[in-house]
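Now for the letters of each chain:
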Amino acid sequence: MNKLFILIIFLLVIAPKLLFADSKIVIIVNKENSLTNVAYDDLVKIFKQDKKYWPDGKKIYLAMHESGSIEKKFVLEKIYKMNEQDLKKFWLSKIFKGDIESFPKTFASNDSMKIFVNRVTGAVGYITEEALDDTVKVLKVEGI
Amino acid sequence: MGKFLKVISVFFVLCLIFIPGLYADEISGLKEQIKKVQSENKLLQEKLNKQQEVIDTLVKKVDNLQAPSLQKIPEPEMPEESGEFEIPKLTLKGFADFEYQAKLTGSEDHNTFSLGEVDFFVTSKISEKVDFLTEFEFHPEADTNVADFHLERANIKYEAADYLNIKVGEMHTALGYWNQEFHHGSWLQTTINRPEIYKWEDDTGGFLPLHAIGIYLFGTHELNNFDLEYDLGVLNGRGKERHEIQNMDDKNNFKALSLSLSVKPDIIEGLSVGAVFYYDEIPENPSTASRAKQIDEFIIGENIVYKYENLELLAEFFNIFHDDKTSGKDYDTFGFYAQAGYKIDKITPYYRFDYIDFEQTNPYFTPYDIDIQKHTAGIRWDIFTWNALKFEYSYSDKKTQENEQSVTINTSFAF
Chain A
33 MNKLFILIIF LLVIAPKLLF ADSKIVIIVN KENSLTNVAY DDLVKIFKQD KKYWPDGKKI
93 YLAMHESGSI EKKFVLEKIY KMNEQDLKKF WLSKIFKGDI ESFPKTFASN DSMKIFVNRV
153 TGAVGYITEE ALDDTVKVLK VEGI
Chain B
1214 MGKFLKVISV FFVLCLIFIP GLYADEISGL KEQIKKVQSE NKLLQEKLNK QQEVIDTLVK
1274 KVDNLQAPSL QKIPEPEMPE ESGEFEIPKL TLKGFADFEY QAKLTGSEDH NTFSLGEVDF
1334 FVTSKISEKV DFLTEFEFHP EADTNVADFH LERANIKYEA ADYLNIKVGE MHTALGYWNQ
1394 EFHHGSWLQT TINRPEIYKW EDDTGGFLPL HAIGIYLFGT HELNNFDLEY DLGVLNGRGK
1454 ERHEIQNMDD KNNFKALSLS LSVKPDIIEG LSVGAVFYYD EIPENPSTAS RAKQIDEFII
1514 GENIVYKYEN LELLAEFFNI FHDDKTSGKD YDTFGFYAQA GYKIDKITPY YRFDYIDFEQ
1574 TNPYFTPYDI DIQKHTAGIR WDIFTWNALK FEYSYSDKKT QENEQSVTIN TSFAF
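Just so you know, the sequences run in chain order A and B.
Residues 33 to 176 (this note's numbering) make up the first sequence, in order.
Residues 1214 to 1628 (this note's numbering) make up the second sequence, in order.
Keep in mind that the hints were calculated from the coordinates and are not lab data.
Don't take every hint at face value.
To be verified - Quick list of in silico lysine-lysine cross-link-like pairs, PhoX-like style, CA-CA up to 20 Å:
hint, chain 1, residue 1, chain 2, residue 2
1, B, K1477, A, K129
2, B, K1453, B, K1468
3, B, K1453, A, K126
Only a predicted model underlies this, so the values are computations on that prediction, with no experimental measurement involved.
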């Protein structure tokens, strides 16, 4: 019974935090953002826009990749846990509830994503590791 | 014969040795002449190339002189606009649905095509932390067979932080999950119809005060291991009849107070457990003798929602206590629904049970105080990204009316 309990706790609490351990996708923020690390649960809230402000009070601007990209596929699977169609419904529902005013900004490439994150102080996005350069800052997830 | 051949051979060899020497001077003279001709040709070719370059340059100059309109004139650089006269942009979206329904009751069968709600909503970002939202719809009225125009929501929201937002205007009351999640967007909800307790005031509903005009403070506090969401409202409250929404004028000076709390534990993603408290003084209705004085209303609600990946589990319970100052009697009305759905690819089979138990003779709900137990089972097929087909069967056990069965096919969409 105790083993089962430990296994359940592991699956619910620990396992999600290891999701980014071997990933080739990195979360990026503006270089002025003082945050260096974020908990996995908070990352989910940020990406679902349940959390709309950084700890320093600046508004969070979420940047998304276009449908079909490997980057988008990664966040759908690891963060949203839903498919493309359900995510569209999710965003429309958020707008309809008045939680957000419009769909998140969408970009076609890692380069355009980096330009947006570089220019907008509160921006957060995600790119492949090899596209990383010094124009943006990596936001670690659970220290990874 | 042999001697003759030898003589011929010797003669031939001697010719090969001595004849070239006789013409050597002439050959060398010819070679020099060839070299001279070649060098003259080279000089001439160089002169020709230079002349061709000069001709090409001249031709270009002549062309330019003859056709000045083909010249590219560099465009002047436009200065950036200041945006002084730029007003916030509007975003318009909407939902609509149409259906065919066959209704089977004990005494009468009926079938019809019908127009659902055609709902529009407009959002606009007024500034970084100020948003405007309005929702209006063409609402079908079965009695008159026309669709009336209704303003459903119109509010402005000020965001201070995640834990503090202020919303002012007309909105859907923060009484529970359904009213805040789906509004009039039938495409968003898994089922075709809203639960019985959430039927709109102007339909045969009015069990709950679903529309509110006033002010709400709301937000999310992150606490250890869970998030606490709150909605605290001061509102006009119910009108003197259950279908009346006090958009313009509150018939009494008392303002309804609403508090909704919900907890989302970090350990179980997708789970939300909430409670609602609502207090109001419903104004008297002088046109009805049984409503000569006010009714004090106290609503307590609980809700449990679990939405994770493909699973949707919803349950909401409400107790409505009425203290009728005219008769001196207390009335207790109870209603709930529980719904489950599981999405498999594009297909979502679902089931819902609705229940309402009115305490009879409640002057505020009469004559719509019909107890009901309703089973609804159906399949939602998300045929396209923004379009769903729903096939639904329902069986309603109404205590004071004939039981009812219906089969409905509905197409709903977002646009």
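Okay, the hints, checked on the actual structure:
no.: 1; hint: K1477(B) <-> K129(A); verdict: 18 Å, holds
no.: 2; hint: K1453(B) <-> K1468(B); verdict: 14 Å, holds
no.: 3; hint: K1453(B) <-> K126(A); verdict: 33 Å, violated
The structure shown violates just one earlier hint, number 3.
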